[in-house]
Amino acid sequence: MPQTASSVEVSKSFGRFSRQALESPLTITHHGHESLVLLSHAEYLRLKSRDRQVYAIDEVPDDIAEGVRAARARAAAAAFDHEVGPIA
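Using UniProt numbering, you'd call the opening residue of the sequence shown number 1 and step up by one each time.
Just so you know, the hints here were simulated from the structure itself, not pulled from any lab data. Here the structure is a predicted model, which is why all the values come from computation and not from measurement. Worth double-checking, as some hints may not be accurate.
Now the in silico label distances, taken between C-beta atoms and shown as ranges [to be verified]: (1) Arg74 <-> Ser13: 25 to 35 angstroms; (2) Ile64 <-> Ser13: 45 to 55 angstroms; (3) Ile87 <-> Glu34: 40 to 50 angstroms; (4) Ile57 <-> Arg16: 49 to 59 angstroms; (5) Glu59 <-> His33: 34 to 44 angstroms; (6) Glu59 <-> Leu38: 27 to 37 angstroms; (7) Gln3 <-> Pro86: 53 to 63 angstroms; (8) Asp62 <-> Ser6: 48 to 58 angstroms; (9) Ser35 <-> Pro61: 34 to 44 angstroms; (10) His82 <-> Asp58: 48 to 58 angstroms; (11) Asp51 <-> Gln3: 17 to 27 angstroms.
Cβ coordinates follow ideal geometry from the N, Cα and C atoms, glycine included.
Construct the complete structure from the given sequences, taking the supplied hints into account.
What follows is the structure, encoded as structure tokens:
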């Protein structure tokens, strides 16, 4: 089964292509150019879970702030301490 289909093919056989997209993403072309990707909801959620959340410094949740405070650099990073000086 193709991993790429034209928008005309998809519109004529949406059921078949939607079932295919449950197994692996399907690239849909329009006038020969890649324009859309049809993928399963589970795959969409997996990809969205990789999004990063950005916070203003005064909005960082307590659990994340505590994790940052508790984090320690690897021993190899000590070779660069002279570049930043002492940290209070």
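Checked hints:
For Arg74 and Ser13, the Cβ-Cβ distance of about 53 angstroms falls outside the hinted range of 25 to 35 angstroms, so the restraint is violated. Taken as a hint, the range 45 to 55 angstroms holds for the pair Ile64 and Ser13, whose Cβ atoms sit roughly 46 angstroms apart. Taken as a hint, the range 40 to 50 angstroms holds for the pair Ile87 and Glu34, whose Cβ atoms sit roughly 48 angstroms apart. Judged by the Cβ atoms, the range 49 to 59 angstroms given for Ile57 and Arg16 holds: they are separated by roughly 51 angstroms.
Range check, Glu59 to His33: about 41 angstroms between beta-carbon atoms, so the 34 to 44 angstroms window is met. Look at Glu59 against Leu38: about 36 angstroms separates their beta carbons, and that is inside 27 to 37 angstroms. Gln3 and Pro86 have their C-beta atoms about 55 angstroms apart, which keeps the hinted 53 to 63 angstroms range intact. A beta carbon spacing of about 51 angstroms between Asp62 and Ser6 agrees with the range 48 to 58 angstroms that was offered as a hint.
Range check, Ser35 to Pro61: about 38 angstroms between beta-carbon atoms, so the 34 to 44 angstroms window is met. Taken as a hint, the range 48 to 58 angstroms is violated for the pair His82 and Asp58, whose Cβ atoms sit roughly 31 angstroms apart. One distance hint, 17 to 27 angstroms for the beta-carbon pair Asp51 and Gln3, holds here, with the actual separation near 25 angstroms.
Hints 1, 10 from the earlier list are contradicted by this structure; the remaining hints agree with it.
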